[in-house]
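For this one, chain A is given, so just place chains B and C on it according to the hints.
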Amino acid sequence: MVKVFDCPKSLTDMPTHYCPGCTHGIIHRLIAEVIDELGIADKAVGVAPVGCAVLAYNYFVCDMQEAAHGRAPAVATGIKRVVPEGVVFTYQGDGDLASIGCAEIVHAAARGELITTVFVNNGIYGMTGGQMAPTTLPGDKTSTSPYGRDTKKQGFPIRVSEMLATLDGPAYIARVSVHNVANIVKAKRAIKKAFEYQIAGKGFTLVEVLSTCPTNWGLTPKESLEKVQRDMMPYFPLGDYKDIEAGEKK
Amino acid sequence: MKQRVLMKGNEAIAEAAIRAGCRFFFGYPITPQNELPEYMSRRLPEVGGTFVQAESEVSAINMVYGAAGAGARVMTSSSSPGISLKQEGISYMAGAQLPAVIVNIVRGGPGLGSIQPGQGDYFQSVKGGGHGDYRLVVLAPANLQEAVDLVTEAFDIADLYRNPVLILGDGLLGQMMEPVEFRQSTPRELPAKDWATTGLCNHNGQKNVINSLVLHAIDLEAHNIHLQEKYALIKVAEQKAELLHCDDAELVVVAYGSTARIVKTAIAQLRDQGHRVGLLRPISLWPFPEDAFAKVMPVAKDFLCVEMSAGQMVEDVKLVVNGARPVHFYGRMGGIVPTPNEIATQVLQIMGVK
Amino acid sequence: MAKVTFNEERCKGCELCIHVCPVKIVIMQKKFNKRGFNPAGVSDMSKCIACAACARICPDVVISVDK
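Residue numbers (my numbering), protein chains in the order written: chain A, 1 to 250; chain B, 1 to 354; chain C, 1 to 67.
Only true hints are included.
Cross-link-like lysine-lysine pairs, in silico, DSBU-like; alpha carbons within 35 Å at most:
#: 1; chain 1: A; residue 1: Lys-222; chain 2: C; residue 2: Lys-47
#: 2; chain 1: A; residue 1: Lys-192; chain 2: C; residue 2: Lys-47
#: 3; chain 1: C; residue 1: Lys-24; chain 2: A; residue 2: Lys-3
#: 4; chain 1: B; residue 1: Lys-207; chain 2: A; residue 2: Lys-9
Restraint ranges, calculated between C-beta atoms of paired labels, are given here:
#: 5; chain 1: A; residue 1: Gly-239; chain 2: B; residue 2: Ser-41; range: 35 to 41 Å
#: 6; chain 1: A; residue 1: Thr-151; chain 2: C; residue 2: His-19; range: 32 to 38 Å
#: 7; chain 1: A; residue 1: His-17; chain 2: B; residue 2: Glu-181; range: 53 to 59 Å
#: 8; chain 1: A; residue 1: Ile-199; chain 2: B; residue 2: Asp-194; range: 23 to 29 Å
#: 9; chain 1: A; residue 1: Gly-239; chain 2: B; residue 2: Arg-183; range: 58 to 64 Å
#: 10; chain 1: B; residue 1: Val-47; chain 2: A; residue 2: Pro-234; range: 52 to 58 Å
None of these hints come from the bench; they were simulated from the model.
Just so you know, even glycine gets a beta-carbon here, dropped at the ideal spot from N, CA and C.
Chain A extracted, bound-state conformation (with noise of 0.2 Å):
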């Protein structure tokens, strides 16, 4: 008998605190496949955010630290600076990443700081119980849009992947899902990928996950991945914004 999958060593094996079905476990899990791969565990440094994934720093066994809120990106510049042989990560929710930390992660990135974000996108704010987050899409209800997301009053949604790809700092920004196992599959190559462009010294690098809640969201963790499918990659595409090796922007 051969073991064909088990849970990879970078994760500890305390059970999560994670709802049923959150998505957030697959992609823990992603990340930590992809250090044991690479080999990385004792090099790798995380920093976790402050949402659902604040208590991060106990489910990766690498050296984490915990940032406020937004400032993960700052917070691993000053790591990476520090310890440059170091494989520094930053986990982030869309509520971290593309409202409060907004300017930490366009800077981080312009600068071409040689990090990795896991941008998990699942278009509202989990911990804090269900408001709308800069990603919400216009119509859906949350506590906070109460009536359905209203885009005269309430703004769009922001396009992470697209927008960073505009920048020269980043090596590879690219937008996946974990809705089925297919594209589990590739969201771990993504991951992967940015990791080694991050070992290799050829820019910042940060892979979008599209993701759920179905907590807040109010569905099963089954229709919660229908609901990524149907309604999220419509707004948000898959695919590869910008990778320095395969020379053209998207």
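The following block gives chains B and C in isolation, referenced to the frame of chain A:
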């Protein structure tokens, strides 16, 4: 070999940091401290260090957090409104027990205020500024040699106690030029930074986490008790003050920083006229130099607190004096620097009223 | 023979694994684990092809797969 160099305050502070082993600076432009980041941007590459102009003071303090958490000696500087922006990050650093040196070249406030010197940030510096039960060691130089010496010592204090240290200057100190000599501080035995996040390979596979989140009340209380115990040690060991002509002083003027220099001139004038006046100059604003007050209390009949503010340190003077003597206040705001004559007049008024 | 092992105490009953199994052998069990969830399980191990789809979609690393 002693070598004295004529330098601008902002630049002298930067050079002192570099000589103390600081190799990382993260900051943002704001008047009147711009020469400090500018100097760092030139000098740090010369010594293999790293300078980053961050996108804001908020980002800068968080870069300091990351770098300090990774075990480096790191500095940031700003002026009043920018220090306000840093308060969240400073609270996080105190909670996560991270060492760093933060420099505030104070200007007029509140709000956008002015670019003139002031002392309106005392409350912010000593009473919190950021949220939660924490303290910063706050050191207030009154001349550039002292600024250089305090910056040098500040890195050791920060590392010894795993706490941020604030150097409270002002626009006068930042902009003036005086001769300074860069010298070593008294060596202290500093613990190894085996808690730093440098990667598992650099600390025997033991996972290091830098964090100020402690969700369970019992654990957070224990953490806060530990912080308070640390602050109690600092209170005993790190008080600094200068006493001038206090042995026979009936009236003791209390002033810090640039104001204290002006007070010294006023006192010299008054002493020439035969008046028994002295100066108690706090150099550590936190811990507040209570021991120095204990020394002057037997002889002093009045205290006069002089500040370039509406009166902030005066509250701590009143706390320490605890009703035993009258505590008077004289202040100028808006960046107006009081003259020695103004201060002398106040002193004579108080002494004459008796 | 292919085999999947479910660490039932880790399962939160999210049911994502049920829908991705190509041979439709993943089911929710009637019993409860210590955390009050109905854990997932397998109805007929002989049909398992060790594709690991269930393991890949599981957010809680409940499943390990052997071949």
